[in-house]
Amino acid sequence: MTFRPAPFLVAPMIRLSRLTVGAPAIPVLAVLALGALAVPHVLPPIYTSVVTRVMIAALFACSFNLLWGLAGMPSFGHAAYYGLGAYLLALLQVEWGMSFWVAFTLAPLGAALFAILVGIFVIRLHYISFIMVTFATSQLLYLYVRKGSYSLTNGDTGLLVPVPSALHSSAEPTNLFNFVLLVTLVSIALLGLITSSPFGRTLLAIRENPTRVEHLGVPIWRYRLAAFAIAGYFGGVSGTLFGLFSTIVFPNVFLWTVSADGWVMVILGGMYYFVGPVFGAIALHLMNFYVGRETQAILLVVGIVLLSTVLLAPRGLADLLERLTRRESWRQVRQLAVSTYEVLPTRVRSSSSRYLSRPRFLGGKPPINPTGGPGRDQP
Amino acid sequence: MDLDTSISQFVGGLSTAMIYFMIAAGLNIIWGLLRVMNFATGAIYLVGAYAGYEVATSFHDTTLGFYIALLVVPVAVGSAGSMIEFLLLRQTYKREPIQQFMITLALAFITIDLVRLTWGPQFRSLAYPEPFGDSWVIAGAFVPTYTLFTIALGLCVTAALFILFQRTRFGLLLRASVQDAETASALGINVNRLKTVAFGLGVALGALAGALVAPSRAITLGIDSTVLVEAFVVVAIGGMGSMQGAFIASLIVGLTRSYGIFIVPEMSEAFIYLVMFAVLAVRPWGLLGKPEARAIQ
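Chains W and H, in that order, are what the protein sequence lines are. Be aware that the first sequence starts at 0, since it is given in numbering that gives the first Met the number 0, and climbs by one per residue. Be aware that the second sequence starts at 0, since it is given in numbering that gives the first Met the number 0, and climbs by one per residue.
Since the hints were made in silico from the structure, they are not lab data. Built from N, CA and C at the ideal position, the CB exists for glycine as well. Just to be clear, a hint being listed does not mean it is correct.
[What the hints assert, rightly or not] A short list of chain H residues far from chain W (calculated; beta carbon distances all over 10 Å):
(1) Gln98
(2) Ala140
(3) Ala183
(4) Asn191
(5) Arg192
(6) Ile222
(7) Ile247
(8) Met266
(9) Tyr272
(10) Ala280
[Stated by the list, open to error] Here are the simulated distance ranges between beta carbons:
(11) Phe58/H <-> Thr339/W: 50 to 58 Å
(12) Ala312/W <-> Ala277/H: 41 to 49 Å
(13) Gln178/H <-> Arg211/W: 24 to 32 Å
Chain W extracted, bound-state conformation:
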């Protein structure tokens, strides 16, 4: 019997470091978190709020990607859990008189419960029906919150979210930032552990071939339902963070544009990478921030970026970054340069030979020693 150093601790950590397809998730997340930690101290205050939004969106997109990228269920109603998290955080305190921390703990559970109810109905459906029914659930909640329950939710007037003064004091603006960072990091780490666990691998197998996994004796509906519950829970967490951050919530947290943002972030970042949605959230929100300052045509820019991502980098930013940091990619660039050089007309080649006089070093064979000294194959 061989010795295994605490496999319940080490093995998940190793697996987390190369989640699903080999992206180095831990170092990337650590660098991003350290960078975020410095933001309130280095950059102007406006960036603190931008980065807070990015973190909330990153958690939202990661929770959505558990459903889509890992389990292969393209839900279009993730806004429901986000909105439920935000509204429940307010309602549990205002209507049922709970303290903030109890409400903060219970609100995501409410979202998870709703996700299970939705999941029971939708996991039997096909493609477009699946998309439409998940969409309809969020739209029904939107209609209900906006028009159906005015006395409870105030409709379009919005609902104030009571927050503890420690988290929202103007004297200590970094408290809120640090809290959001902490919750986001812990949640994303938990999502990572779930993704790399045997449960997560089973979800991946179900995505790849549900029929086969079912024939292996796995009750796939139970796994899919669990994926719904987990995604709903963390979607709810991101919603509570949003409620905490904005201190007032409007029915538009249930709107389909929130779900569509989730899709865009996941596609931009790369749906088959665990950290992909984080990159997507950063890209989308920085784009919103910088382009939104200059022009109204933000949708146009997002559309063009999305289109070029799908056409040119279909696996998203995470894949692009990974390929850029690989050594082979630089070799490919060099080879491209050499092959371009070799198809150039001789006249151009000779005139440019002063600048490109060493083409063979750019990936070709090393030059044969002209002086007849010891070559490579001589000992």
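Chain W is already provided as a structure; the job is to place chain H on it using the hints.
Structure of chain H alone, referenced to chain W:
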């Protein structure tokens, strides 16, 4: 609800149903052959409405301009759709299907913003074209004749689509390719060209629907999202790729919508979702759709 309101709601519901059917038929044609869920449908409808307005008002005689718009807009927008299929979608057929969906989503974003930049935020309205400017009184109910015109045109489009698919060589080739694209292309059918034409046809139907509603509703930004959602609901109820299903489902959705306003005014939109839940709970693949081997994917 008394008889005259009931009648006017019925006629209004039928005309809405015809609009939905055109859009859903466009979605179904594209889905059948290309296996692409066209998310840009709402944007196409929006372009159709604005382009219809633009063409109609560019003529001195708006009525004549409107009828010309009904012919020109679908052809122009449909050709643009074919071009986009040729340039963008065709490059991605060998990749994962979700990427084509994302391309249509991106195109929807781009189109909606281009419409907003071109025509601005203020809404437009178009006068009813002659001779459909007045209303008839049917059993005490006022029925705008333009509504009847919409229904008649919708039925004509339905008949034309039926003849196109069931009685022409093009329809035969299209149905063969929908059934088995690989075998069809092995038998010498140019499936790629058919795909380009089918995409153009689907887009043209959406644009026609947009141009057709231009005189009866305010043309403004945001009309696309309601239509998009309800057309998708129609397709989900009727069953993916089934034309008859889409026709029945559009009648159900159109009438539910127009009567639902009377029952619970503020939640009328919720009714069609509830109908969809009910249908899909019994038949997960829709009324006339075919059950597929794999759920979700």
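Closest CB of chain W to the CB of Asn191/H still more than 10 Å away:
Since the minimum Cβ distance to chain W is about 18 Å, Asn191/H lies beyond 10 Å and the statement holds.
Claimed clearance of chain W by Ile222/H, with the beta carbon kept past 10 Å
It holds; Ile222/H is separated from chain W by about 15 Å at its closest Cβ, greater than 10 Å.
Ala183/H: least C-beta distance to chain W exceeds 10 Å?
Ala183/H clear of chain W: closest Cβ-Cβ about 22 Å, beyond 10 Å.
If you check the beta carbons of Phe58/H and Thr339/W, does the distance land in 50 to 58 Å?
holds, 55 Å
C-beta pair Gln178/H, Arg211/W: status relative to the range 24 to 32 Å that was hinted:
With Cβ atoms ~26 Å apart, the hint holds.
Please settle this one: Ala280/H was flagged as non-interface, so is its CB more than 10 Å from every CB on chain W?
Given that some Cβ of chain W is not farther than 10 Å from that of Ala280/H, nearest at about 7 Å, it is violated.
Is it the case that Met266/H keeps its Cβ farther than 10 Å from each residue Cβ in chain W?
Answer for Met266/H: violated, closest chain W Cβ roughly 6 Å.
Over 10 Å to the closest beta carbon of chain W is the bar; see if Gln98/H clears it.
The claim breaks: Gln98/H does not keep its Cβ more than 10 Å from every Cβ of chain W (closest is about 5 Å).
Assertion that Tyr272/H lies farther than 10 Å from chain W (Cβ)
violated, 4 Å
Is Arg192/H truly not at the interface, in the sense that its beta carbon sits beyond 10 Å from all beta carbons of chain W?
Nearest chain W Cβ is 22 Å from Arg192/H, so the label holds.
Please confirm whether Ala140/H is truly not at the interface, meaning its C-beta sits more than 10 Å away from all C-beta atoms of chain W.
holds, 28 Å
Range hint compliance [Cβ, Ala312/W to Ala277/H, 41 to 49 Å]
holds, 42 Å
Violated hints, listed in ascending order, are 1, 8, 9, 10; each of the other numbered hints is respected by the structure.
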